[in-house]
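Trainee: Per the numbering used here, residue 1 is the first one in the sequence shown, and the count goes up by one each step.
Please keep in mind that the hints were generated in silico from the structure rather than gathered at the bench. Note that the coordinates shown come from a computational prediction; the quantities given were computed from them, not determined experimentally. Be a bit skeptical, because a hint or two may be false.
The calculated PhoX-like cross-link candidates involving lysine-lysine, where the alpha carbons are at most 20 Å apart (straight line), are [to be verified]:
| no. | residue 1 | residue 2 |
| --- | --- | --- |
| 1 | Lys-232 | Lys-173 |
| 2 | Lys-220 | Lys-281 |
| 3 | Lys-183 | Lys-255 |
| 4 | Lys-245 | Lys-183 |
| 5 | Lys-231 | Lys-281 |
| 6 | Lys-220 | Lys-173 |
| 7 | Lys-237 | Lys-183 |
| 8 | Lys-255 | Lys-112 |
| 9 | Lys-255 | Lys-60 |
| 10 | Lys-135 | Lys-85 |
| 11 | Lys-254 | Lys-237 |
| 12 | Lys-220 | Lys-231 |
| 13 | Lys-245 | Lys-255 |
Computed Cβ-Cβ distance ranges for the label pairs, DEER-style [what the hints assert, rightly or not]:
| no. | residue 1 | residue 2 | range |
| --- | --- | --- | --- |
| 14 | Ser-33 | Ser-236 | 39 to 47 Å |
| 15 | Gly-230 | Lys-90 | 44 to 52 Å |
| 16 | Pro-115 | Glu-141 | 17 to 25 Å |
| 17 | Arg-201 | Arg-18 | 16 to 24 Å |
| 18 | Val-119 | Arg-2 | 30 to 38 Å |
| 19 | Gly-144 | Asn-241 | 55 to 63 Å |
| 20 | Ser-213 | Gly-88 | 35 to 43 Å |
Cβ coordinates follow ideal geometry from the N, Cα and C atoms, glycine included.
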Amino acid sequence: MRILVTGKQGYVGTQFERWMAQYHPEVSVDLLSVRTGNLETIDFSHYDTVLHAAALVHRKETPESAGEYHRINTELTENLAFRAKLAGVKHFVFLSTVAVYGEEGSFEGAGKVIPIQQVPYPTSLYGKSKYEAEKRLQRLESLGFQVAIVRPPMIYGPDCPGNYARLAQIARKTPIFPAISGKRSMLFIDNLSAFLKEVIREKARGIYVPQNSEAVNTTKLVALIAEANGKKMRTSKLAGNICRKVLRNIPIFKKTFGTLVFELESTIKYETISLPESIWKMGDTQNR
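Construct all of the structure, not just a fragment, from the sequences and the given hints.
Mentor: If you want it as structure tokens, here you go:
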């Protein structure tokens, strides 16, 4: 089996290649950059599957950046898939995002569990560009060109960018943290790699939302990170109540602490690492 992975500078692509080299060295994995307009030079005919992980993400969303999101996340994806299909590739795996659902964290009660098949209604430029790419890929799909769309929630792992990295930095420095009861679906990078390997092995098609087997409480997560880094951290219900009252309508606060849980993926079976084990594994990696 030969796999082409896009996103040579991206977190998911590089981590997937590393994980496959460690656990499945018998599989040929090529990691390639596709952001430089070099699609016409790629010989897709050697590959059984294309895993498209390259994307524009973590970029400030402005009216000026809308075109860039569309060009990279939508048009590049469609062009890549079209060329792969033309060359005879049978399987295309697209790394999308739960941002296509347009849901935010909630502080109302326990929050709802979002079904995988819920109709997307993205609100961000990132989510909109990914959802448009999904629709274009589905139009390209045929009996000889199967498409799997993977919508992961917040991904975390060693040296990961984004919100998790900020939480980890706080966990290593602060002695006290607000206790807030919200839960979120999250995904450890090794769990995502194991899931993607099974999707590719089975040549699966359809829409998937892989995640850790348990939803994560942000306060518990930060406490585990602190412990794994040899730090002691206390939690405060009073600070949590104050934060909820003052910050509950701030988007980044809702995204970090509000409840946002997705239906557990049950179609693809894969071995997972538990939340505490994943945090300790990261602590071991980063303290070497």
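Trainee: Just pull the numbers of the violated hints for me, sorted ascending.
Mentor: As far as the earlier hints go, not one is violated by this structure.
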